[in-house]
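Asks: Build out the structure end to end from the sequences listed, making use of the hints.
2 protein chains.
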Amino acid sequence: MSNIALYGNRHSGHSYKVKLFLALTNTPQNYQTIDLFQVRAERPALFRQHARFGEVPLLIMDGQAFVQSNAILLHLSQTLRTMDGDNSARINARIHEWLMWEQSRLGFSLPNLRFERKFKTDTDAAVLSWLEVRLRNDLDVLNTHLGGTDNFVASTAPSIADCSLAGYLYWLGDAGLSVKEWPMVQAWLGRISALDGWAHPDELMLSAAR
Amino acid sequence: MSNIALYGNRHSGHSYKVKLFLALTNTPQNYQTIDLFQVRAERPALFRQHARFGEVPLLIMDGQAFVQSNAILLHLSQTLRTMDGDNSARINARIHEWLMWEQSRLGFSLPNLRFERKFKTDTDAAVLSWLEVRLRNDLDVLNTHLGGTDNFVASTAPSIADCSLAGYLYWLGDAGLSVKEWPMVQAWLGRISALDGWAHPDELMLSAAR
Numbered sequence: 072m073s074n075i076a077l078y079g080n081r082h083s084g085h086s087y088k089v090k091l092f093l094a095l096t097n098t099p100q101n102y103q104t105i106d107l108f109q110v111r112a113e114r115p116a117l118f119r120q121h122a123r124f125g126e127v128p129l130l131i132m133d134g135q136a137f138v139q140s141n142a143i144l145l146h147l148s149q150t151l152r153t154m155d156g157d158n159s160a161r162i163n164a165r166i167h168e169w170l171m172w173e174q175s176r177l178g179f180s181l182p183n184l185r186f187e188r189k190f191k192t193d194t195d196a197a198v199l200s201w202l203e204v205r206l207r208n209d210l211d212v213l214n215t216h217l218g219g220t221d222n223f224v225a226s227t228a229p230s231i232a233d234c235s236l237a238g239y240l241y242w243l244g245d246a247g248l249s250v251k252e253w254p255m256v257q258a259w260l261g262r263i264s265a266l267d268g269w270a271h272p273d274e275l276m277l278s279a280a281r
Numbered sequence: 072m073s074n075i076a077l078y079g080n081r082h083s084g085h086s087y088k089v090k091l092f093l094a095l096t097n098t099p100q101n102y103q104t105i106d107l108f109q110v111r112a113e114r115p116a117l118f119r120q121h122a123r124f125g126e127v128p129l130l131i132m133d134g135q136a137f138v139q140s141n142a143i144l145l146h147l148s149q150t151l152r153t154m155d156g157d158n159s160a161r162i163n164a165r166i167h168e169w170l171m172w173e174q175s176r177l178g179f180s181l182p183n184l185r186f187e188r189k190f191k192t193d194t195d196a197a198v199l200s201w202l203e204v205r206l207r208n209d210l211d212v213l214n215t216h217l218g219g220t221d222n223f224v225a226s227t228a229p230s231i232a233d234c235s236l237a238g239y240l241y242w243l244g245d246a247g248l249s250v251k252e253w254p255m256v257q258a259w260l261g262r263i264s265a266l267d268g269w270a271h272p273d274e275l276m277l278s279a280a281r
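These protein sequence lines map, in sequence, to chains A and B.
Numbering-wise, the first sequence is residues 72 to 281 according to the working numbering.
Numbering-wise, the second sequence is residues 72 to 281 according to the working numbering.
No lab work stands behind these hints, which were simulated from the structure alone.
Computed from a prediction, not measured in an experiment: that's the story for all the values here.
One thing to keep in mind: the hints can contain errors.
[Claimed, not checked] Here chain A is said to cover these stretches of chain B; the calculated rule only asks that three of the stretch's residues, wherever they fall, bring their Cβ under 8 Å from a Cβ of chain A:
no. : region
1   : 142 to 153
2   : 162 to 174
[Unchecked claim] To list a few chain A residues with every Cβ distance to chain B over 12 Å, as calculated:
no. : residue
3   : Leu95
4   : Thr96
5   : Glu274
All C-beta atoms, glycine included, are put in the ideal place defined by N, C-alpha and C.
Replies: Rendered as C-alpha cells:
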C-alpha cells in the first residue's frame, strides 16, 4: 500500500478535491493542515521544500511530491486505478476535458469570487461583477451538460472529474449565489453527497484521521 | 496513420498550442478555420455537433471528437507517443502540473488581458489592473522556474507543457507587456522558436496545409 501524506487547508476547495477523492476511495493518508496566513518561511520544512508554487494541496506519495489539485487527482487515479473511468480511452478523454474546463472556468471563477466576497472587503465592484458574470455562465454550462439524467459528469459512474468540479460548489453561498438557481447542478451535488465516505468540506477538511 | 482534422482560429492561442504540437511533430492534418464572429448556428455542422463548449480548438481524430486545448495535447501525445516526456511517470507528473498551472494561471491571465486590451475598448480599468497583476505574477513564476538553464519546462526535452505555455506568449505585446522584462522566459521562447517546424502563430494559424 502506498504511503500518502496530504497537506491542505480547511478553506481550500482545491485541497478538498483531493481529500474527497481519498475519502470516497477509502484511502488512508496522513493529513496535515497548512496555515495559509502563516509566514511562508515558518511553514513546515517538507511543505516549503516540495510545494513548487507555494500552494495547497501538496501530496507526498511514496517519497515523491505532487502539486496542482487536478494533476494530483490524475496521478492518484492512475496509480491507484480507481475513479479513473474504468481506464476507457473515451471516458478518460472526457475526464481530461472536464478537468481542464474546471481549471480555467468554474475552478477559477468560483474560488476567486468567493475569496473576494468572503475574505476581502475592498475589492472593486467592477471586478466582482466581472467574476460573477463568468461564474454564472460556468454554472449554466455545467447545468446544461448534466441535464435531466442521473449521470455523473464524465459517465454513469463518479470519476475524478466529479471530485474536481464539486471542489468549491458546497461553498457556493460564500460567493453570494444559491445553487437552487441551477437545479441540475444541485441534484448532481446531491448524488455526490450520497456516496459512501462523503463529507461536507467544513467537516472533512478538519478531520485529521479520515 | 491517424486521420486528424483540426478546427482553429488565427486569433486563438489555444488553437496555436495544438497547431504548434502538430507542426513540431510533423503530423499531417486537415486544418480548418472557424470564424468566431460568425453566428454560431452558421458555423460548419461538424463543428457545431462536436465542440462541446462551442470553442476552438476542436480536434477530430479517427472519427472521435476532442476539445479543450490541453486535453487535446494530452490525447495527442499519448496516442502518437511523442513529446510525452518519454512516458516517464515522474516527468509526466511534471507535465500534468504545468498543464494545470497554465490552464488556471498564465493561460487565463494572458488571453483575457490580451482580449480586453486588443479586441475591446470599454473594459473597466479595475478589471484590466486586476488581470495585469495576475499576469505579471504568473510571468514571474515561470521566469523563476526556468532559471538560467537550457531546459524546457518539464525536462531537458520539449514536451506538450512547452506547447501549452507558449500558446499566447508570442502575442504578449498585445496584452501591453514586453517579454524583455522576463529574460528567462524570453530565452526559453527562443529555444522553442529554434525547433524544426516552428512558426509564429501569425503565420502558422493562417496556413491551411501545414
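Asks: A separate judgement is required for each hint: does it hold in the structure or not?
Replies: Evaluation of the provided hints:
For the region 142 to 153 of chain B, the assignment as covered by chain A holds, since 3 residues bring a beta-carbon within under 8 Å of that chain's beta-carbons and 3 suffice. Residue count for the region 162 to 174 of chain B with a Cβ under 8 Å from a Cβ of chain A: 7. That meets the three needed, and the coverage hint holds. Look at Leu95 (chain A): its CB is around 21 Å from the nearest CB on chain B, clear of 12 Å, so calling it non-interface holds up. Against the 12 Å criterion, Thr96 (chain A) stays outside the reach of chain B, whose nearest CB is about 19 Å from its own CB.
Once the 12 Å rule is applied to beta carbons, Glu274 (chain A) is consistent with being away from chain B; the minimum gap is 26 Å.
In this structure, every one of the numbered hints holds.
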